[in-house]
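Use these hints to put chain B onto chain A, whose structure you have.
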Amino acid sequence: MEQNPKSENLPDGSQVQNPKSNEVWVFIEQRDGKPADVSFELLCKGHKLAQAMNGKLKSIVIGDGVEEIAKETFRYGADEALLVEHPSLKNYRTLPYSRIINDLVKTVVPRIVLFGATVIGRDVAPRVASHTKSGLTADCTDLQVSDVKYLGKDYSNLLLQIRPAFGGNIIATIITPDVSTQMATVREGVMELTPLEKPNEIKITRVEYKPDPIDELVQIIEQHRESNKVNLKAAPIIVAGGYGLSTKENFKLVEELANTIGGEIAGSRAAVDAGFVTPDRQVGQTGVTVRPKLYIAIGISGAIQHRAGMQESNKIIAINTDPEAPIFDIAHYGIVGDATEVIPAFIEAYKHKLK
Amino acid sequence: MFNSIVMVKQVPDTANISGKVMKDDGTVNRTKLPAIFNHEDRVALELALQVKEKYGGKVTAVTMGPPRASDVLRECLYMGANETYLVSDRKFAGADTLATSYVLSEVIKKIGNYDFIFAGRQAIDGDTAQVGPQTAEKLGIPQITYTEEILNVEKNKIKIKRKIDGGYEIVESTLPVLITVLKDVVEPRPFSSKRVMAFKNARSVMDLEKLAEGNSLLYTDRLIHEYKEKNLLINTFTMDDLNLDIQRCGIAGSPTKVHKVESVVLKGGNQIKVEPTKGGLSGLIDQLMTDHIFG
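Going down the list, the protein sequences come from chains A and B.
Residues in the first sequence are numbered consecutively from 1, following this note's numbering.
Residues in the second sequence are numbered consecutively from 1, following this note's numbering.
Here chain A stands alone, though its shape is the one from the complex (with noise of 0.2 Å):
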């Protein structure tokens, strides 16, 4: 149970903090050798994180041959990267990899680790929060370090884990005040990625890894991974479609304003569900955090969750029939009127500029 160092002298018998969990942790994830854009961006928040608390950052780094993106990570923040390396590590698999953290974690301590809401992050940081009796907070919108009161008691550096909640007219703060280690999962383009000016100096601490029958559980037979990935997070200028376009048929202007003006299409969560656009131009919390010149919202109502991985755009403008719609409140341009009707005008207005 962790302790407020103020609660040193307590009749109660409270320990002091274990000085050697003010570390912030993140797991580097890395995919045919490359590492995620989202764990270099989780290295830029934990930055932040372990000066708050006068902590080291430090890089999880776990693959073959990947002594290169361990001594990436020092531009990013981290402090000292720990480097796991062994051929059978090549690829990310839940038993080795989660196996590792585990020992590690039990054995350090650090006060917190952080993963990407990938689909590898997502598989290894349950299983170690489970083994290591952590909290565990998914898809967390905004990360903070604070000294928090909590049912009249006083605890030092709890992780203020934020995400919009359950129906997404609230945003809820998660804490985990009586665990040793707080771990959170973030989405991809979430936090900003802010490298350095001048990197860390490189300490890399090699841990060695002891194969155990139990990691060969399971075998990958074969991955395929395409290249030509959706890139929304750099689009100038994104045209999103909504559940409000009602039929996959209508969505087809969203994709013609698009081409139109050069943007790329994106979905709301519902327009995924329905079918209109793949997950992956899915923009939101459970999507893609992006912040282009130019986000136009096309039939979106704009709960939480979609404004969540918009709403820092330069310029918004929405697109709705109904004016009552909580995207206006955070559009800087807004149209009432029915998409069928507007998109087709916008493009021939556009195109009469363009002449």
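Worth flagging that the hints you see were computed from the coordinates, not collected in a lab.
Ideal Cβ placement from N, Cα and C applies to all residues, glycine included.
Any given hint could turn out to be false.
To be verified - A short, non-exhaustive set of chain B residues, derived as facing chain A with CB atoms under 10 Å:
| no. | residue |
| --- | --- |
| 1 | 128 |
| 2 | 138 |
| 3 | 146 |
| 4 | 171 |
| 5 | 217 |
| 6 | 261 |
| 7 | 277 |
| 8 | 294 |
Unchecked claim - Per the computed footprint, the stretches of chain A lying under chain B, defined by three or more beta-carbons under 8 Å from a beta-carbon of chain B, are:
| no. | segment |
| --- | --- |
| 9 | 136-145 |
| 10 | 347-354 |
For chain B alone, kept in the frame of chain A given last:
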């Protein structure tokens, strides 16, 4: 022959959520929402049933929740489950994913004799996708998450196609293994009308206790015996039926706490209203060109 345990969850229908159903502490007042069968869990059950039909064996459905969660277990019976377990106790209430996975892993150990544990990837009320992997870790067995297709089952092996970031992979696991499935993997079968007739009166021990309370001529023990004889008993585990550490259950066993809940305050105010007319849209496009966004 392969035996499967399917973890299912009754969830509030998030499509019908309004501010009225939130409690002050930010948790959802579930009693005010329609309760439905979590879709991905239904897909998981369908996969388990397909494995049973192809290779033989038994399908057991398990849910943890309030007494009314027996609704989803009846639906499991309608679809083809052989046996069901309701895990319910006030002491389990308020459980986060860690406490839930602890109780479920102990329940699964008690049921025993399984080759596969199936579950939906995640439930729509939390979207955490944590309970599956957390349960597998507690059982010390491998897991295959994000399953797209079961390719083959052999004596002590299963081959599965699963989603990975940017593509897919094919993996082979020894048994037993916990498998979580994506929502579009298979279409869950409709209820069989024959099975609905056969199992519509299936009841949990709690249902039967309630029945006995309201009628002095009925005794719970006898009812349980009767329903069991007729194959209509939804097996029921409470705290007392399981060898659990109470400190690891319910709120006590849940490290995550809701510290603060804020209503969303919208900025608003600065918005420029654009008329959906030719003139209005032209003006907007001019402005965006001035801002170097267009052109």
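Q.
Quick check on the hint: residue 217 of chain B CB to chain A CB, less than 10 Å?
A. With a minimum Cβ separation of about 44 Å from chain A (threshold 10 Å), the hint on residue 217 of chain B is violated.
Checklist entry - Minimum Cβ distance from residue 277 of chain B to chain A below 10 Å? => result holds (8 Å)
Evaluation of the interface hint that places residue 261 of chain B against chain A, nearest CB under 10 Å:
Nearest chain A Cβ about 5 Å off; hint holds.
Against chain B, does the segment 136-145 of chain A show at least 3 residues with beta-carbon separation below 8 Å?
-> holds (count 4)
Please check whether residue 128 of chain B passes as an interface residue: C-beta within 10 Å of a C-beta belonging to chain A.
holds (4 Å)
### Hint status (Cβ of residue 146 of chain B to nearest Cβ of chain A, threshold 10 Å)
Cβ of residue 146 of chain B sits 6 Å from chain A, so the hint holds.
Requested in this report: With a cut-off of 10 Å on the beta carbons, see whether residue 171 of chain B makes it to chain A.
Outcome: holds (5 Å)
*asked:* Can you tell me if the segment 347-354 of chain A counts as covered by chain B, using C-beta to C-beta distances under 8 Å and a minimum of three residues?
replied: holds (count 6)
Double-check residue 138 of chain B for me: the hint is only fine if its C-beta lies closer than 10 Å to a C-beta in chain A.
-> holds (6 Å)
Worksheet entry | Restraint satisfaction for residue 294 of chain B [CB to CB of chain A, less than 10 Å] | holds (7 Å)
When each numbered hint is compared with the structure, a violation occurs for hint 5 only.
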